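Colleague: Here is what each chain is made of, one letter per residue.
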Amino acid sequence: MTTSLGRRLMTTTAGFGTLAAIAIVASPLVGSTHISLARAFSRSVPFGENPDAQIFFIARLPRTLAGAVVGSMLAAAGVVFQALLRNPLATPFTLGVSAGAALGAMLAITFGWSFAVLGMAAAPVASLLGSIAAVGIVYALARARRHGLSTNVLLLAGVTMNAFFSALILFVQYFADFSQTYRILHWLMGDLDVSSYGPILTALPLIAISVAVFAWLARPLNLLSLGSESAATRGLDVPRAQRAAFFSASLATGAAVSVGGPIGFIGIVVPHLVRLMVGPDHRLVLPASALFGAAFLIACDVVARTILAPKR
Amino acid sequence: MRVLALVLALVMTLTRGTTPKRIVSLIPAVTEMLFAIGAGPQIAAVSSFDTFPADVKKLPRVGALIDPDVEKILSLHPDLVVVFSTQTNLREQLARAKIPTYVYSHAGLSDVFTTMREIGARAGRERAADELARTVESRIDALRTRVATQPKPRTLIVFDREKLALRGIYASGGVGFIHDMVAAAGGDNVFSGVKQQAVQATAELILARRPEVILELRADPLDAAARVKEIGVWNTLSSLPAVRSSRVYLIADQRTVVPGPRVAEGVELIARALHPEAFK
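Those protein sequence lines, which keep their order, are chains A and B.
To convert, note that position 225 of the first sequence is 225 in this note's numbering; the numbers rise steadily by one, no gaps.
To convert, note that position 252 of the second sequence is 252 in this note's numbering; the numbers rise steadily by one, no gaps.
There could be a bad hint or two in this list.
[To be verified] Some residues of chain B that are not near chain A, with every Cβ distance over 10 Å (derived):
| # | residue |
| --- | --- |
| 1 | Thr88 |
| 2 | Arg91 |
| 3 | Gln93 |
| 4 | Ile99 |
| 5 | Glu126 |
| 6 | Ala133 |
| 7 | Arg154 |
| 8 | Ser245 |
| 9 | Ser246 |
| 10 | Leu250 |
[Said to hold, decoys possible] A few chain A residues facing chain B, derived, Cβ under 7 Å:
| # | residue |
| --- | --- |
| 11 | Ala59 |
| 12 | Ala121 |
| 13 | His186 |
The set of hints was computed from the structure by calculation and includes no laboratory data.
It should be emphasised that the depicted structure is a prediction, and the values quoted were computed from it without experimental measurement.
For each residue, glycine too, the CB sits at the ideal point set by N, CA and C.
Just need the whole structure built from these sequences, with the hints factored in.
Modeller: Dropping the structure here:
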């Protein structure tokens, strides 16, 4: 049993890993402009005088890496939320994380906050703080009535917070002028054109924590998706597993949104596609979704930036 | 048929004969025009974004593009409301209330003068408006001649982006008054081939177009330290000729982004940045 799982895990990660690797390597090679790779990697031309190298290393590579990070985190968080809430419609944004992030970014844009933390501009930092606030409120609401988390209360609290934050967003929008409204809209559409490694590097520690928790979480998620009572009879510390799932997935989502904005569809499309391919076992679905999510979002972005090229 | 023609003629003379005395302007550029042609006393209210001339501070505010305060506008009993072409709801409501409107839309530099003359005619100040248009046009023509012999640098015109980051960059495409103003000031827009007012410029697109000058235009004033910081953001794209020759300019001045009677001053600000030699 375990050996067959081990083998399946190997083949699955190898398969999806290759896909992600191909996407990461191939994506910087294509773009709206033609560049000479020989020149881009040539060491005889200083970087500052080498437009090919700058297009490769400043425009395309950070964008690809941002796609990989955002895609894999949102896909993995989608898997975790679907298991935690025992609801196939759950997404990383169901519990209000993205609405909180959007509110944060919007406040930063509307009130013109101008600071930069470790290469991250005000809007992403504020979005991260907003998502943390949203997660905190939802968690407090879900815990208020009993020990452990009721998935129904969690879901209701999340949906309510989503609605509440959306109302606040429109309220803040009222104070924005034209160009700020433009900027807000741009942020809400999601944007992987980070044009530096700063935002990715800043998000990396948060992502590392989430990934470490995800690695532990795969088996508990299998039990959780049976329902908390059955999970408890099988020896799982249910409240602890729920807390771990909730906070790690929220952290991953907040980090991803701070890098690329709220790119919603990845978190629901990828987990379901992957389940069709590898079955329901979270020990396979979780790593496979993370890898496939990366490849999938990179591919979508390649299409976006080549097809829309002259206009963008 | 004859009766209809008579009625029409009567209506036309009636509407033409009455000069509006309670104008509500939702467009700052048009407010400026009205003041410049001496129709300031005819203005009853302005938009929430109006700051120029100083006289607007005393006038009531009635919202703007997204949030016009219909109730307040109606309560002021206006006899002419200047609205954006996209404010369809407001236009319908005003039509129902039988309040005449002047419909404005953002377009090219030459349209600024058309607007000036049209609003002048509506406000009963045709002569003053025509004079103003001529003066501004000839000032711009003089600037055009002044920089005519200068080489035209390939210019990236940025009118919006995220603070302290090269993200969400909106640049001017090859249509619109900002593109026209830069052209008059002797600049060659790198996106002149893109036939739309705004271009969402990615890092790759900017690196590929290799601008010799980066010109950031914005309305809100900026202190010296913040300006240095914002300009420094462009150093990431060090292969751009504009960055290498330190020709990144940030002009934080309403006159460069408001298509009103001060456009000539805006063109001069841009021309001075692009061609300091021509102004020695």
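Colleague: All hints are to be evaluated individually against the structure, with a verdict given for each.
Modeller: Status of each hint after checking the structure:
Distance to chain A confirms threonine 88 (chain B) as a non-interface residue, since its nearest Cβ pair spans about 17 Å, more than 10 Å. No Cβ of chain A comes within 10 Å of the Cβ of arginine 91 (chain B); the nearest lies about 19 Å off, and the non-interface call holds. Residue placement check: glutamine 93 (chain B) keeps its beta carbon more than 10 Å from all beta carbons of chain A (closest about 20 Å). Distance check for isoleucine 99 (chain B) against chain A: the nearest CB is about 24 Å away, which clears 10 Å, and the non-interface claim stands.
No beta-carbon of chain A is positioned within 10 Å of the beta-carbon of glutamate 126 (chain B); the least distance is around 31 Å. Interface exclusion of alanine 133 (chain B) from chain A stands, the closest Cβ pair being 26 Å apart, more than 10 Å. Arginine 154 (chain B), annotated as away from the interface, keeps every beta carbon of chain A farther than 10 Å; the closest lies near 14 Å. Look at serine 245 (chain B): its CB is around 12 Å from the nearest CB on chain A, clear of 10 Å, so calling it non-interface holds up.
Distance to chain A confirms serine 246 (chain B) as a non-interface residue, since its nearest Cβ pair spans about 13 Å, more than 10 Å. No beta-carbon of chain A comes within 10 Å of the beta-carbon of leucine 250 (chain B); the shortest separation is about 14 Å. Taking 7 Å as the C-beta contact cut-off toward chain B, the hint placing alanine 59 (chain A) at the interface holds, the least distance being around 4 Å. With its C-beta approaching chain B no nearer than about 4 Å, alanine 121 (chain A) sits inside the 7 Å limit, and its interface hint holds.
For histidine 186 (chain A), the interface hint holds, since its Cβ comes within 7 Å of a Cβ in chain B; the closest pair sits about 5 Å apart.
Of the numbered hints listed earlier, not one is contradicted by the structure.
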